[in-house]
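Produce the entire structure from the sequences given, and follow the hints as far as they go.
Using the numbering used here, the first residue of the sequence shown is number 228, and each one after it goes up by one.
Be aware that a few hints might be false.
Said to hold, decoys possible - Only pairs whose alpha carbons sit at most 35 Å apart, straight line, appear in this in silico DSBU-like list of lysine-lysine:
(1) K493 to K478
(2) K454 to K405
(3) K454 to K478
(4) K493 to K454
(5) K525 to K558
(6) K571 to K558
(7) K525 to K424
(8) K424 to K454
(9) K424 to K405
(10) K571 to K525
Claimed, not checked - Okay, the calculated beta carbon distance ranges per label pair:
(11) A463 to K424: 34 to 44 Å
(12) Q327 to A353: 21 to 31 Å
(13) K478 to L301: 38 to 48 Å
(14) P443 to E513: 47 to 57 Å
To be clear, the hints were calculated from the coordinates, so they are not data collected in a lab. Owing to the predicted nature of the structure, the values given are computational and were not obtained by experimental measurement. Glycine is no exception: its CB is placed at the ideal position from the N, C-alpha and C atoms.
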Amino acid sequence: MMYDLRFTICDSSRPVRRVRRTVIGALVVLLFLSPLAAAGSEEEPGAANHTSEVINHTSLQIHLPREVTVEGSLLTLGQISVVRGDPDVVATALRTGLGQLSTPGQTALLDRPTILSRLATQGIPARQVRLTGAEAVRVSRFQRAITADEFLEMGQAFLRQHPPAPSLHETIPTVHPKDLILPVSVRDLQVTPRLVKSGARGHVMVLITVTADGNPCGVREIPFRLKYQCRRTVAAEEIPAGTALTPENVKIETMLSDQPEPANWKPPYGLVAVRTLAAGAEIRPEMVGSAQPPAAVKRNETVVIRLQRPGLLVTAAGVALQEARPGELVKVRNADSSRVILCKVNADGTVEPMF
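Written as structure tokens, this is what we have:
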């Protein structure tokens, strides 16, 4: 610290006294100010240490705007905020992923807890971060055009969310739509998909309407061929006609089909093969039938012919000429007249003439 000591010589008659008084006054000023200067010099290192501790404790400063528009679908912290601090920490923070805007017109609201949690996954704890600005950032995507691939992704996402049948497994576009060029400045972009029935079997149509700032600006129709995951029954071994299907002689396989699986589908256990089924053959509904009850009448077996009317009951003996089950028709020869008549087999094994 420098002091300006001025000596004034005014009158030659008292020069010594005037100089002496001025020097004494300067010494008093020096003695009074020197402790303050020393005290000031002692406080500066402490203040520097405090500032250093604050800087070390907060190594990242992030300012959040209220709204931001980005290009591309992948969001990073560097796209939506202003980041300052330690260069190494800043480099990591700028690359921190914050999600994806996969659909044109989609917006995302990123709040402070979300940003802090994403930074924590990159090894940057919340205690080292100082956030300023908005409590949350609304992020929208700047769109110059909607590409064919984006239209296809929107259509497939819509079918996944609203499947025509629960067993939908795959959607295959049969036509690629054209890109849609948007107006120069679009603040509010809306895309609305809806399902349209197609005349082709196993096909559907997704109609996507695009609106920019409330004004329609384009429509795309995208046909899809659908694949469903279905189950089928296959013979695990050769199954003779009349054999009941069981878990031992059939197996259930999963396959892709153009048609959805019937809602009431179930394994055909207990049904009977109506013809011999080769090993590995797919068992379709027309190849099996309900299990038949045992034959009530056998060929060349003696049967009772029974005719009953109100107030009348007639019985006679006969011989069955063929095998039959209850409810079926059978030819019977009357034992007394040898006449062959057509009869219906009753549940108790008797037969009733059909006139």
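> Within a Cα-Cα threshold of 35 Å, do K571 and K558 meet the stated pairing?
Replying inline: holds, 9 Å
> Should the hint that P443 and E513 are 47 to 57 Å apart at their CB atoms be regarded as holding?
Replying inline: Holds, at about 51 Å.
> Would the pair K454 and K478 pass a check requiring their Cα atoms to be no farther apart than 35 Å?
Replying inline: holds, 22 Å
> Would the pair K525 and K558 pass a check requiring their Cα atoms to be no farther apart than 35 Å?
Replying inline: holds, 11 Å
> Going straight from one Cα to the other, do K493 and K478 come out at no more than 35 Å?
Replying inline: holds, 12 Å
> Given the hinted pair K454 and K405, is their alpha-carbon gap at most 35 Å?
Replying inline: holds, 24 Å
> When you check the alpha-carbon spacing of K493 and K454, does it fall within 35 Å?
Replying inline: holds, 20 Å
>> Hint check: K424 vs K454, CA-CA at most 35 Å. Holds or violated?
In response: Cα-Cα ~16 Å, so holds.
>> Can you confirm whether the C-alpha distance between K571 and K525 stays at or below 35 Å?
In response: Holds, because 13 Å separates the two Cα atoms, which is no more than 35 Å.
> Keeping to a limit of 35 Å between CA atoms, is the pair of K525 and K424 held or broken?
Replying inline: Answer violated: K525 to K424 is near 56 Å, above 35 Å.
> Within 34 to 44 Å or not, the Cβ separation of A463 and K424?
Replying inline: Taking Cβ atoms as reference, A463 and K424 lie about 40 Å apart, which means the hint holds.
> Does the alpha-carbon distance linking K424 and K405 stay inside the 35 Å limit?
Replying inline: Answer holds: K424 to K405 is near 21 Å, not above 35 Å.
The structure fails to meet hint 7 from the earlier list, while all remaining hints are met.
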